[in-house]
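Each chain, written out:
Number of protein chains: 2
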Amino acid sequence: MSKKLTSRTEDYSKWYNELVVKADLAENSGVRGCMVIKPYGYAIWEKMQAQLDKMFKETGHSNAYFPLFVPKSMFEAEEKNAEGFAKECAIVTHYRLKNDELNPGKLMVDPNAKLEEELIVRPTSEAIIWSTYKGWVQSYRDLPLLINQWANVVRWEMRTRLFLRTAEFLWQEGHTAHATRQEAIEESEKMMHVYADFVENFMAIPVVKGLKTQTERFAGAEETYCIEALMQDGKALQAGTSHFLGQNFAKAFDVKFANKEGKQEFVWGTSWGVSTRLMGALVMTHSDDNGLVLPPNLAPIQVVIVPIHKTDEQLEAISSQINDLMADLRKVGVSVKYDNRDTHKPGFKFAEWELKGVPVRIAIGPNDLENGTYEVARRDNLSKEVVSKEGIVLYLQNLLAQIQTDLYQRAFDYRNTHITEVNSWDEFTSVLETKTGFLSAHWDGTAETEEKIKELTKATIRCIPLDRVEEVGKCVFTGAPSKGRVLFAKAY
Amino acid sequence: MSKKLTSRTEDYSKWYNELVVKADLAENSGVRGCMVIKPYGYAIWEKMQAQLDKMFKETGHSNAYFPLFVPKSMFEAEEKNAEGFAKECAIVTHYRLKNDELNPGKLMVDPNAKLEEELIVRPTSEAIIWSTYKGWVQSYRDLPLLINQWANVVRWEMRTRLFLRTAEFLWQEGHTAHATRQEAIEESEKMMHVYADFVENFMAIPVVKGLKTQTERFAGAEETYCIEALMQDGKALQAGTSHFLGQNFAKAFDVKFANKEGKQEFVWGTSWGVSTRLMGALVMTHSDDNGLVLPPNLAPIQVVIVPIHKTDEQLEAISSQINDLMADLRKVGVSVKYDNRDTHKPGFKFAEWELKGVPVRIAIGPNDLENGTYEVARRDNLSKEVVSKEGIVLYLQNLLAQIQTDLYQRAFDYRNTHITEVNSWDEFTSVLETKTGFLSAHWDGTAETEEKIKELTKATIRCIPLDRVEEVGKCVFTGAPSKGRVLFAKAY
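First to last, the sequence lines map onto chains H and L. No gaps in the numbering here: position 103 of the first sequence is 119 in my numbering, and each next residue is one more. No gaps in the numbering here: position 452 of the second sequence is 468 in my numbering, and each next residue is one more.
The reader is advised that the hints may include incorrect statements.
A pair holds if it fits inside one copy or across any two, identical chains being indistinguishable in the list.
Straight line, CA to CA, 25 Å or less: simulated SDA-like cross-link-like pairs of lysine to any residue [stated by the list, open to error]:
no.	residue 1	residue 2
1	K88	E43
2	K468	S446
3	K276	I201
4	K251	T465
5	K70	Q188
6	K20	D304
7	K490	T462
8	K365	G278
9	K365	G381
10	K251	I480
11	K38	L162
12	K70	V348
13	K150	Y56
14	K63	N33
Derived from the structure by calculation, the hints contain no laboratory data.
Given these sequences and hints, build the entire structure.
Structure (structure tokens):
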């Protein structure tokens, strides 16, 4: 398989698909719409999981596990509440295979093993979790419930793309229950900030924090907080959502508590989630035509070392020095790999680790041995430097931190130069055609206008930024009064 | 809800069910046969996962993720190979719900959204993984593949019990591919030893390592290695299995590689797994009539501290001292909880933490403050001691290590006194009636005898111990010659 990628300018979408497969992140499986997350891709996801899990626990949450299946009747209870929730889902109707007597060696679904009630493979777990919470909450003393679940979910998407939209994906879903409205709102805001902190400081992706419009909101929520990122091709990507559910699910599943005065009240809820979709955001924010670019904070391998030698003696001398270096690096928490495969040439290895986005590559040859140096190459900007072996550990630690900062800054600058204020419909449409990114525009606040703009341009309101300036203006589409700007964009 | 448990002698099975629920480990869900793993139970599972994951990585394995669904045709390919594999599984036949027009507010399965090919919710992942490996292996350079997956699986069990047998459960499944038969055998043996190491040193449960008979073997395996534990009621529990698959799955899914000479060969496989079933083994090995007993190496809370006070000033003085103690304990990696709830009395708290199996409880009252002491209570043997606060951190570290050792030793002694050598059919049946545990007996090596003994007594051959002595003998049932003893028991 050729390692050469289609360039981003040639075909961004093709570049993405090729990169995900060639960098060994994921591939399509033999099951329609489902992906295989390969070991290298999964190692990145594990780093993301570990960091998020730590942040959830530091904010007082515990993990638990709820069933994969939701009985149809339970799903209906939610459905009443959350009109418009996606009905495209995998449905289990039978529980046994049997030998097909007409086709020896083949199996068939046993018609006698039909379930009395169909089971839905969870597309999200509000229904099963709130029906469980009913048994867990009696008094205000049982609140808050601060619970998270790491799980697989299934949504029967017709058009799928690795990580960005797959029938099955991995995610975490937080589900909390509170005694007061205020506390639940604070929780949903807190988790939006946790997500933003994670995405900015670990993934090196700047985000806009905001509120979804009613149209874009989760159907069962009173308010949806979100973080929105901008990809290199100027399309937006929703990187995480945190929902204030009000008492909607408490009412649907009859979850009440006795308050301090002994009076029965419905509890207040939140839910919040991020998924393997973030892997797609990571790829599309930093990577280039040579392959993946990983921020050091999430790279499974932060430093790769390639020996360059002609003789076995040279390799032996290099290896002996490198073993010491690796021990020193591991001591300070730097993950390092020594690529001493004798089956491949240095040039092949360079290209492979470039494709896989390892932040720092060290090459060492006989001259370096003699001079006490290393050749250190950065993956992000492809620069190289010859560095003395004295103080190399500290140098690498600082370099990794610098790369992390630089990647964020580069994405931040790109994002900021791709937010355009537009003040008329002409401006809106012409900017949308000539320059990608967010359009900051006045909107009259109606779902009709939002829908109309989407129909005409495919741009949707990504969010109402939390930090927007109160500013009197006129809707770019209808001219009706507006109190502030919202962000439009075409989105993944 | 009463915290009082049914005693083990009264009804072991009832005791188990009550304990699992009351200690907040798990509960039955609204979905038939599926459990909810509650935060406290899940915290124990997370500790188990973390340790196993570390051990898998130290032995060179990486994690990956494969689809939840297996198309029926892929399942058939395996089926030919693995005759007799369970066909009780959840089957997805449709992919959409729609509003039921005859029943407003209700949903129905959309008959127009029938899948062309049914999807099986994975009962195990050999089929999907080996069909993927086909694309990953071309040459001997691609081997070995050493991959593990943490996942949920579903088997449509009719009679379920929390942790021990549930329709959905959590597990890890390792799937490896090798260039030689010898290497694959070594891998399956290695993972059996990893499991034994984990179960003995972290769960404090002694195990017998052995081979399954052909009858008890995984259908797709050439050899199944297992570790067998003995529960307090004298029934055995299979705690983990590691299968040498030969070339069975490689042949079923056409996974070949070019060897060093360029010749095409089928690869050799292994698979190995442990599941949330281990939680049941943990409960049934150590716990008592007062509740859970947890080995310190897996306890989410190792030390709980309960203040005893009459006045607010006393509580303040206690809390100030405890805050320092907790900081010191956390510094050395001891997980500690200060239960200063003002809603519950010390007696209530004592009972609660006893029920939840926290290994060490510290009580501190005004007298202790004055005397510079703590009251330290062990959960495992219910002993108490007054200990000086000088050197308390080291004292507690040693105590936790001691409890870990003592729990193992107690289970080891119990297990060893419950292995009985029997040399005739009379002995076999009478010992089985009067004394539970393993029966060490000669067996003629035939499936017929094994089956017959099972029919008559419900005892099965748990394993052929790896360390058994070569000993000429006669089968207890048929009198036919035998080369050594095997272990029989009734089992979970």
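Consistency of the hints with the structure:
1. K88 / E43: For K88 and E43, only the inter-copy Cα distance (21 Å) is at most 25 Å; the intra-copy one is 32 Å.
2. K468 / S446: within (17 Å within a copy, 83 Å between copies)
3. K276 / I201: Intra 21 Å, inter 63 Å, cutoff 25 Å: intra-copy only.
4. K251 / T465: Within. Shortest intra-copy distance 21 Å satisfies the 25 Å Cα cut-off; inter-copy 69 Å does not.
5. K70 / Q188: both (13 Å within a copy, 22 Å between copies)
6. K20 / D304: This pair counts as within: shortest intra-copy Cα distance 12 Å, inter-copy 63 Å.
7. K490 / T462: So K490 and T462 pass the 25 Å test inside one copy only (13 Å; across, 87 Å).
8. K365 / G278: So K365 and G278 pass the 25 Å test across copies only (23 Å; inside, 69 Å).
9. K365 / G381: Cα proximity of K365 and G381: one copy only (14 Å, versus 65 Å across).
10. K251 / I480: within (17 Å within a copy, 62 Å between copies)
11. K38 / L162: Between copies only: 20 Å across chains, 40 Å inside a chain, cut-off 25 Å.
12. K70 / V348: Both: 20 Å inside a copy, 19 Å across copies.
13. K150 / Y56: between (41 Å within a copy, 18 Å between copies)
14. K63 / N33: Classified as within: same-chain Cα gap 22 Å, cross-chain 37 Å, threshold 25 Å.
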